[in-house]
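Participant: Chain by chain, the residues run as shown.
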Amino acid sequence: MEFFDNHKKLFRTALVLFVGLTIIVAIMPAINNQENNAPLPGYEPLTQEAYLGKKSFIANGCVACHTQQVRNVDMDNVWGSRPGIPADYAGISRIDFWTNTATLMGTERTGPDLTNIGLRQPSLAWNLLHIYQPGRIVATQEALQLVAYLQSLKQTPLPDGKLPMEFLYKKKEIPVIVNGNNANLPDGKLLYTNNCMSCHQANGEGLKGAFPSLKGSPIVLGNDLELFVNIIMLGYDARPEYAVMNAVGLDNNLTPEEVTAIINHEKTSWGNNAKTVTPEEVKKIMDFIKLTSNK
Amino acid sequence: METKNIFSESGIIITLLLIAIPVIVASILVIIKAKNVLKNFLKKKELEKFNEYLKNLSPEEVQKIEQRKKELEFSLSNNELAGDTTPIDAKGLIDNVSETSSLRFIEQKKKSQARPYIEPDLTKLILWYLGCATFWLLFGTTVGEYVGIKFVAPDVDHYSWLSFGRLRPVHTNAVFWGWASLAMLGLAYYVIPRVSNVPIASIKTGYRTLILVNASVILGSLFLMAGINNGGGEYREYIWPVMALFGIGVIISLRNFYKTIAKRTTKEIYVSNWYIISAMMFLLVIAVIAYWPSWQNGLGETIIQGYYMHQGVGMWFMLFNLGLMYYFLPQQLNKPIYSYSLGILAFWVQILFYTLIGTHHFIFSAIPWWLQTVAIVGSAGMIIPVVAGTTNFLMTFKGSWHKLSGSYTLPFYLIGIIFYFTGSLQGTAEAFKFTNLVWHFTDFTVAHSHLTMYGIICFMLWGFIYTVVPRLTGKEPPQITVGAHFWLALIGLLFYTFPLMYGSTLRGLMWMEGTKSFIESVELMAPYWLWRAIGGSLMWLSHILFAYNFYVMVKKKEEIEIPSSPKDILNAKVELDNQEVTN
Numbered sequence: 001m002e003f004f005d006n007h008k009k010l011f012r013t014a015l016v017l018f019v020g021l022t023i024i025v026a027i028m029p030a031i032n033n034q035e036n037n038a039p040l041p042g043y044e045p046l047t048q049e050a051y052l053g054k055k056s057f058i059a060n061g062c063v064a065c066h067t068q069q070v071r072n073v074d075m076d077n078v079w080g081s082r083p084g085i086p087a088d089y090a091g092i093s094r095i096d097f098w099t100n101t102a103t104l105m106g107t108e109r110t111g112p113d114l115t116n117i118g119l120r121q122p123s124l125a126w127n128l129l130h131i132y133q134p135g136r137i138v139a140t141q142e143a144l145q146l147v148a149y150l151q152s153l154k155q156t157p158l159p160d161g162k163l164p165m166e167f168l169y170k171k172k173e174i175p176v177i178v179n180g181n182n183a184n185l186p187d188g189k190l191l192y193t194n195n196c197m198s199c200h201q202a203n204g205e206g207l208k209g210a211f212p213s214l215k216g217s218p219i220v221l222g223n224d225l226e227l228f229v230n231i232i233m234l235g236y237d238a239r240p241e242y243a244v245m246n247a248v249g250l251d252n253n254l255t256p257e258e259v260t261a262i263i264n265h266e267k268t269s270w271g272n273n274a275k276t277v278t279p280e281e282v283k284k285i286m287d288f289i290k291l292t293s294n295k
Numbered sequence: 001m002e003t004k005n006i007f008s009e010s011g012i013i014i015t016l017l018l019i020a021i022p023v024i025v026a027s028i029l030v031i032i033k034a035k036n037v038l039k040n041f042l043k044k045k046e047l048e049k050f051n052e053y054l055k056n057l058s059p060e061e062v063q064k065i066e067q068r069k070k071e072l073e074f075s076l077s078n079n080e081l082a083g084d085t086t087p088i089d090a091k092g093l094i095d096n097v098s099e100t101s102s103l104r105f106i107e108q109k110k111k112s113q114a115r116p117y118i119e120p121d122l123t124k125l126i127l128w129y130l131g132c133a134t135f136w137l138l139f140g141t142t143v144g145e146y147v148g149i150k151f152v153a154p155d156v157d158h159y160s161w162l163s164f165g166r167l168r169p170v171h172t173n174a175v176f177w178g179w180a181s182l183a184m185l186g187l188a189y190y191v192i193p194r195v196s197n198v199p200i201a202s203i204k205t206g207y208r209t210l211i212l213v214n215a216s217v218i219l220g221s222l223f224l225m226a227g228i229n230n231g232g233g234e235y236r237e238y239i240w241p242v243m244a245l246f247g248i249g250v251i252i253s254l255r256n257f258y259k260t261i262a263k264r265t266t267k268e269i270y271v272s273n274w275y276i277i278s279a280m281m282f283l284l285v286i287a288v289i290a291y292w293p294s295w296q297n298g299l300g301e302t303i304i305q306g307y308y309m310h311q312g313v314g315m316w317f318m319l320f321n322l323g324l325m326y327y328f329l330p331q332q333l334n335k336p337i338y339s340y341s342l343g344i345l346a347f348w349v350q351i352l353f354y355t356l357i358g359t360h361h362f363i364f365s366a367i368p369w370w371l372q373t374v375a376i377v378g379s380a381g382m383i384i385p386v387v388a389g390t391t392n393f394l395m396t397f398k399g400s401w402h403k404l405s406g407s408y409t410l411p412f413y414l415i416g417i418i419f420y421f422t423g424s425l426q427g428t429a430e431a432f433k434f435t436n437l438v439w440h441f442t443d444f445t446v447a448h449s450h451l452t453m454y455g456i457i458c459f460m461l462w463g464f465i466y467t468v469v470p471r472l473t474g475k476e477p478p479q480i481t482v483g484a485h486f487w488l489a490l491i492g493l494l495f496y497t498f499p500l501m502y503g504s505t506l507r508g509l510m511w512m513e514g515t516k517s518f519i520e521s522v523e524l525m526a527p528y529w530l531w532r533a534i535g536g537s538l539m540w541l542s543h544i545l546f547a548y549n550f551y552v553m554v555k556k557k558e559e560i561e562i563p564s565s566p567k568d569i570l571n572a573k574v575e576l577d578n579q580e581v582t583n
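Protein chains in written order, with the numbering used here: chain A, 1 to 295; chain B, 1 to 583.
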């Protein structure tokens, strides 16, 4: 065929086909998404410190193991309260002359997703320990900036009245409690692992000089349930020898059943042997907390 | 912090061991080299003495030797029965007759065929390309091996330049832009003039590209280790000035190839040239789109990222290699390609579907759903070019399977073709929605990219290199080390990928179930990461063997031989006497 024997026509056709398809599936959607999305009203731009922290995050290639995207599938619910939407990334633009825009959505989750890390693990002490490992803390300026960036990573709530997209591929419902029977509570050990273990450790003994031990703790073993629930929900900063504890319960929207499961797990593990509590008792205290705290 | 003796730290010990291995190997090499030099020197002395003796030979002595030669050469005329008519093999049918051979520890494979004349200048250029590529293969996979070890021993070192997050892109980019790209370009400098039946337009341009690409990979690797990168998009970690060097390198060689094809003496453009020229044009398009800042804000960056990383793989490496395959495979089998039109069909369908599939790296993400659907459909469409290509290659093999066992290059081709089929179709399967739930974000992706980039691209390139270099230099690699290279690479790849795929499937299922904590899914992976390091080590070892084979094929040294048989002695004397006359 004449067409196939003419190098000008042949290569030009191939190029036009490729570039044409490219414009349709890459350039136009990219421009469209760039122009037609704006950050949510509650979006907070990075502070100068957090911005520098993000640069450090990029320089060290953290994106190789940490994603920043909550997909609209139920298994991703642990990383954020709602699926990610284009507006979440709309505020991100080119870093500088040398460096491209970095949404840092990533493709590998060797480590946890960081979309909401600022709410999930807000403690400064925990972050520094995590990044530099126990016994290796060097709180350089760069480390503090990096943590400032991580603490700034939070899902912006949707404006009032907007319902988030639903998560697809729902897991089978875990049975909900009917009459306060312990057997129907969620898995306390799993909740402890997800919410408490990074500081208080798997053996409940904490870390000397940073996080107090729960094993044999008077608060865990004692009967002042109100104080116990308060600490879980609102955090604690009464003892100068330990790091500040953040409002773990409130930040992660723990339900009364979940808090009960955590409390009962702590009261009965690592040699602890105290009387367990019921969700009703906990719910009463939590309702009161919700009334008094203005969050 | 208390200070311990640093030599009792496991990290330091492992680092020292890693450094010691090449040092020890290098010392051994130096000793062998020195021994050879000494041996050569002694032999030269001996040869001089021997020449003295030759000069002083009296006519009687010469006669004696001649007499002895005649006696030794005595044999039956072998035509006692056949008569005097001399048999003539006028058509050269009797070839490669070898009656004596050593013990067959290794099967004797067919030797490389003598081929038409290649200009020495072009030979030199191609060897430089392949040599640099081999270097980057060794460098890139050494880094990869180290990064793999870090999954097993995370505290191996605490230097920022050697941290995991910085070395990972050094590994991927060095093997992409250094090893595979340079090898492909070098081979194209061989193939394009061959199928166009004209000399290459400019050899100088070839060297310019070589320098630019090498500079790009050197600078890029240093910048990445220093923490200077482009913002974390996979495979576009090099900052734009570094990638620009690479791009300019490709542009000037593209122009060079295009000019060569334009003045071809064949009427048609052989299909290899379609693939190669298109791959180079498309790479430039991809790179410009990936680095141009006008469409990169917000989600735009992610859409471009998906497009870029997949087109880089499919439109540069895959398309280019298919082009080389359409030249080398028929040639190695000494028969035409099964179907020229299947090759043409695969070409157009690949452009049509492959261009669409970038977003399949971000299924269920915030990217518009229509775009994700297009990507999934395009991934399914890729079945057509992959099946067409594989069928074409295997049907070309048909009827020549017996050649496989007698060749040391064809096994590389076959493995490349098999992985082309399985690896590419695995990619299609991974794009589906359910498989995304199980496998996305796990090490399954890492396994897949190694099955394809290593199983397809590297095996094909090795096959091509073992084919071309002996033709250029006239020297063949030792069969035993070629065989060892092949098996170590193949077994290593399987050890690397299968445990990773199995482990990450378990991990994905654990995530979906949602009843275990994340950290348990990390602990689950530990044994599979160990297998990955073991497989990686085998692969790395095979690359050292490959580098050795390459060295054997290109080294210039000639052996000094002292004449020993009467015939050789006489020849040497005639030569020596002639020299004296001309002096």
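Any given hint might turn out to be false.
In silico DSSO-like cross-links for lysine-lysine, where the CA-CA straight-line distance does not exceed 30 angstroms [said to hold, decoys possible]: (1) Lys109/B <-> Lys8/A; (2) Lys170/A <-> Lys433/B; (3) Lys9/A <-> Lys267/B; (4) Lys55/A <-> Lys150/B; (5) Lys8/A <-> Lys263/B; (6) Lys55/B <-> Lys70/B; (7) Lys55/B <-> Lys189/A; (8) Lys9/A <-> Lys204/B; (9) Lys154/A <-> Lys433/B; (10) Lys69/B <-> Lys44/B; (11) Lys208/A <-> Lys516/B; (12) Lys267/A <-> Lys516/B; (13) Lys215/A <-> Lys516/B; (14) Lys8/A <-> Lys70/B; (15) Lys208/A <-> Lys150/B; (16) Lys259/B <-> Lys8/A; (17) Lys204/B <-> Lys475/B; (18) Lys171/A <-> Lys475/B; (19) Lys516/B <-> Lys9/A; (20) Lys44/B <-> Lys573/B; (21) Lys516/B <-> Lys283/A; (22) Lys154/A <-> Lys516/B; (23) Lys9/A <-> Lys259/B; (24) Lys275/A <-> Lys433/B; (25) Lys516/B <-> Lys170/A; (26) Lys171/A <-> Lys433/B; (27) Lys162/A <-> Lys433/B.
Don't read these hints as lab results, they were simulated from the structure.
Participant: Against each hint, give a clear statement of whether it holds in the structure.
Facilitator: Checked hints:
Using a Cα cut-off of 30 angstroms, the hinted pair lysine 109/B and lysine 8/A is violated, with the two alpha carbons roughly 43 angstroms apart. Of the pairs offered as hints, the one joining lysine 170/A and lysine 433/B holds, with about 14 angstroms between alpha carbons and a cut-off of 30 angstroms not exceeded. Restraint check for lysine 9/A and lysine 267/B: satisfied, since their Cα atoms lie roughly 14 angstroms apart, inside the 30 angstroms limit. Between the alpha carbons of lysine 55/A and lysine 150/B the distance comes to roughly 24 angstroms, so the proposed pair stays at or under 30 angstroms and holds.
Only pairs whose Cα atoms come within 30 angstroms are accepted, and lysine 8/A paired with lysine 263/B is accepted, the gap being roughly 12 angstroms. For the proposed pair lysine 55/B and lysine 70/B, the alpha carbon gap of about 22 angstroms is at most 30 angstroms, so the pair holds. The suggested pairing of lysine 55/B with lysine 189/A is violated, with an alpha-carbon distance near 97 angstroms, which exceeds 30 angstroms. Note on lysine 9/A and lysine 204/B: the hinted pairing holds, with a Cα-Cα distance of about 28 angstroms set against a maximum of 30 angstroms.
Between lysine 154/A and lysine 433/B the alpha-carbon distance is near 27 angstroms, which keeps this suggested pair within the 30 angstroms criterion. Distance hint between lysine 69/B and lysine 44/B is fulfilled; the C-alpha atoms sit about 26 angstroms from each other, no more than 30 angstroms. The suggested pairing of lysine 208/A with lysine 516/B holds, with an alpha-carbon distance near 27 angstroms, which does not exceed 30 angstroms. With a C-alpha separation of about 21 angstroms, the suggested pair lysine 267/A and lysine 516/B falls inside the 30 angstroms cut-off, and the hint holds.
A distance of roughly 23 angstroms separates the Cα atoms of lysine 215/A and lysine 516/B; the hinted pair therefore holds under the 30 angstroms criterion. For the hint pairing lysine 8/A with lysine 70/B, the CA-to-CA distance comes to about 68 angstroms; that exceeds 30 angstroms, so the pair is violated. A distance of roughly 28 angstroms separates the Cα atoms of lysine 208/A and lysine 150/B; the hinted pair therefore holds under the 30 angstroms criterion. Restraint check: the Cα-Cα separation between lysine 259/B and lysine 8/A comes to about 11 angstroms, which is no more than 30 angstroms; the hinted pair holds.
For the proposed pair lysine 204/B and lysine 475/B, the alpha carbon gap of about 26 angstroms is at most 30 angstroms, so the pair holds. Taken as a hint, the lysine 171/A and lysine 475/B pair is broken in the structure, with Cα atoms around 63 angstroms apart against an allowance of 30 angstroms. Among the hinted pairs, lysine 516/B with lysine 9/A is inconsistent with the structure: their alpha-carbon atoms are about 59 angstroms apart, more than 30 angstroms. This hinted pair checks out: lysine 44/B and lysine 573/B have alpha carbons roughly 16 angstroms apart, not beyond 30 angstroms.
Distance check on the hinted pair: lysine 516/B and lysine 283/A sit about 26 angstroms apart at the alpha-carbon level, within 30 angstroms; holds. Among the hinted pairs, lysine 154/A with lysine 516/B is consistent with the structure: their alpha-carbon atoms are about 24 angstroms apart, no more than 30 angstroms. With a C-alpha separation of about 15 angstroms, the suggested pair lysine 9/A and lysine 259/B falls inside the 30 angstroms cut-off, and the hint holds. Of the supplied pair hints, the one linking lysine 275/A and lysine 433/B is violated, its CA atoms being roughly 47 angstroms apart against a limit of 30 angstroms.
Between the alpha carbons of lysine 516/B and lysine 170/A the distance comes to roughly 16 angstroms, so the proposed pair stays at or under 30 angstroms and holds. Distance hint between lysine 171/A and lysine 433/B is fulfilled; the C-alpha atoms sit about 16 angstroms from each other, no more than 30 angstroms. Taking the CA atoms of lysine 162/A and lysine 433/B, the gap is near 27 angstroms; set against the 30 angstroms cutoff, the hint holds.
The structure fails hints 1, 7, 14, 18, 19 and 24 (numbered hints given earlier, in ascending order).
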